[in-house]
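J.: Okay, here's what each chain looks like letter by letter:
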Amino acid sequence: MNPKKTNTLALLMIRIIAVIVVVILAFLIGRILIQGLPHISWKFLTTSSKAFTSGGGIGIQLFNSFYLLILTLIISFPISLGAGIFLAEYAPKNALTNVIRMAIEILSSLPSVVVGLFGFLLFVVQFKLGFSILSGAIALTFFNLPLLTRNIEDSLNSVPKLQREAGLALGLSKWHTVIKVILPEAIPGIVTGIVLCAGRIFGEAAALIYTAGQSATSVDFTKWNPFDASSPLNLFRPAETLAVHIWKINSEGIMPDAEQISAGSSAVLIIAVLIFNLSARFLGQKLYQHLTAAKQG
Amino acid sequence: MDALKYDLKDTYIVRFNQKETEIAMTTNNLQVFYGNKQAFFDGNMQFPKNRITALIGASGSGKSTFLRSLNRMNDDVARVEGQIMYRGIDINSRNINVYEMRKHVGMVFQRPNPFSKSIRDNITFALKEKGLKDKVEQDRIVEESLKGAALWDEVKDDLDKSALALSGGQQQRLCIARAIAMKPDILLMDEPCSALDPISTLKVEETMLKLKERYTIIIVTHNMQQASRVSDYTAFFHMGHVIEYDKTKHIFTNPAIKATEDYVSGNFG
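Chains A and B supply the protein sequences, listed in that same order. Residue 17 in this note's numbering sits at position 17 of the first sequence; the count goes up by one each step and never skips. Just add 1000 to wherever you are in the second sequence, counting from 1, and you've got this note's numbering.
Please note that the accuracy of each hint is not assured.
What the hints assert, rightly or not - Just some of the chain B residues that point at chain A, by a computed CB distance under 10 Å:
| # | residue |
| --- | --- |
| 1 | 1103 |
| 2 | 1104 |
| 3 | 1110 |
As the list claims (entries may be wrong) - The calculated EDC-like cross-link candidates involving lysine to aspartate or glutamate, where the alpha carbons are at most 16 Å apart (straight line), are:
| # | chain 1 | residue 1 | chain 2 | residue 2 |
| --- | --- | --- | --- | --- |
| 4 | A | 180 | B | 1121 |
| 5 | A | 174 | B | 1075 |
| 6 | B | 1103 | A | 165 |
No wet-lab data here; the hints were simulated from the structure. Small disclaimer: the values here were computed from a predicted structure and weren't measured. Each residue gets a CB set at the ideal place from its N, CA and C atoms; glycine is no exception.
Chain A on its own, in the form it takes in the complex (with noise of 0.2 Å):
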C-alpha cells in the first residue's frame, strides 16, 4: 500500500472511531433529556418529594447537590493544591515520592462503594458524625484529592521551567514564583481539574448512601444559620443527594411516578453538571485573564 494510501484508511478509521463516540453520547444526553425535559417544572425543581403520592419535587435534592459540591471542593480544593504544589514544585525526585504518586494514583481508582464504607466505619459511626453533609463531603474529599492533586501537579508541570528560572534570575524566591507566576499560568488547567472533579462528586451515589444518607430531611429556606437544625447550611444533617435520590427511586421508589421523577431528575443533573462547567469555565477564564493579561494576546 503506498504513503497516501495508508494515510487515508488511517484517516478514515479516526473518523469512524470518532463518529461512533460522539453519536453514543448524543444518544446518551439526547435520550436522557427529551425523556426527562417534560417532567420538569418550576414546581419540580422547588418541592419536596413525596414518599407514597405523586407530584414530588427534587428542591431539596437539588440544594444537597450543590451544597455537598461546594463543600467537597472547600475541604479537598486548599489540600490538593498544597499537595500538588509541594509535589511539582519541591518535592525531590525520589524512591519515597515515587511511592507518594503511586499511592496517589492508587487511591484514585478506589471504588466509591469503598470509600463510602470506609466513611461510614470512620466518620459516620467512629467519629459519630452520623448520617450527615459533613461526612458525605469528607468521604467525597477522600475520593476526589488523588484526582485534583494529581491534576494540579500536572498543570503546575506543564508551565515551562524557564518561566521559573525567569522569577528566580530576577531575586524572588521560589515561593513568591509559584504563587505569583507559575499558579496563574496554570489555572485553565486546574479548572480543568475541578470540572472533572465537579462532574464525578455531582454523579457520585455509592459513597454517599452510607454516608450523607438517604434521606431528605426538610429544611427550611428562610433560616440561613447553619447550626439552626432546620438551616439548608446545617452540616449535621443527612442530605440525598440528587444522584442518591435517583438511585434510590429507581431501586425502591414505591411512588405512582417514580419514573418521570427518575427521568427528570436525571435530565436535571446533567443540565446542573453543564451549568456548573460552562460557568467555572468562564471564571477560570475570566481569573487567568486578569492575572495574566492573556486578552489581550
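With chain A's structure known, arrange chain B on it following the hints.
T.: Same frame as chain A, but now just chain B:
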C-alpha cells in the same frame, strides 16, 4: 575525536592590572560538578567592568554551566566549588542571600521567557514584590528600562497588552528590560539570540552595545560573528576548560593557543 587532541593544560588567560582596569567580577578556582562528573574546571577569570565578555566554544564545553554558576542558577542541579568575588564578597559562599545577590547579577536566557502578564507587569512585577509601590516611580522605571532595551518606541502604546503577543525578538528585549529594571551591575546572557532571526539579533546586539555603558555584560554565544561584533573580550571554552581568554581582537586574529585558532577558523573537529 580530534577535539581530544588538544592539551587542556595549554592555556592563556589574560590577567588585568586592577589599578588600570576596574574588575566587576572574579572567579577563583571555580569547579562545577554534576553529581560525580566534573563539568567545569579551574575557572580563574576576571571580568572587566563596563565591558562585554563573550564566552564561546562548542556545545557541551561548559560555557553555559559556567555562566549559570555566576548567579547561582545552578544551585539545585550542580555543585559549584571555588570563589566568585563580587565587590569583595564571595557570592558562592553558602550564607549569601542569593535573592539579594541576583538583583545585582541579572540574567537573560536562551529563549525569551517573558511572564504571561502584560508588558508593564513583566517589568514591574519583581519591583512590586520588592516593595516599590509608587506608581509614578514604577512608570518611570518601565519607560527607562524599555528605552534601555530599545523597545520603548515599539510598545509604548501597548504597555497593558500581553507580553506573549510580542515577536520573539521583542520578547527577548523585554526580558532584557525586565532584567535591567532591577538595576543590576552585571548582566549574564545565555545565548540570548539563538532563538531569534537575524534582524532581531542585530537589534539585541545594538542594545547590548548601548547597555555596556552602564552594565558589565557576560554573554554565552554560539555565533562567532556575534562575539567578534559585540564583545571586548572573548573566552574560548573547550571540554570544561577555559583555553584562552583575551581581547576579542586577539582571539579572532592572532590567538595564542592552537585549539582556539582551530576553533575560530573552523578547523575544529
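J.: It remains to establish, for every hint, whether it holds in the given structure.
T.: Cross-check of the supplied hints:
no.	hint	result
1	1103	4 Å, holds
2	1104	9 Å, holds
3	1110	8 Å, holds
4	A:180 / B:1121	11 Å, holds
5	A:174 / B:1075	12 Å, holds
6	B:1103 / A:165	14 Å, holds
Against the hints set out earlier in the document, no violation occurs for any number.
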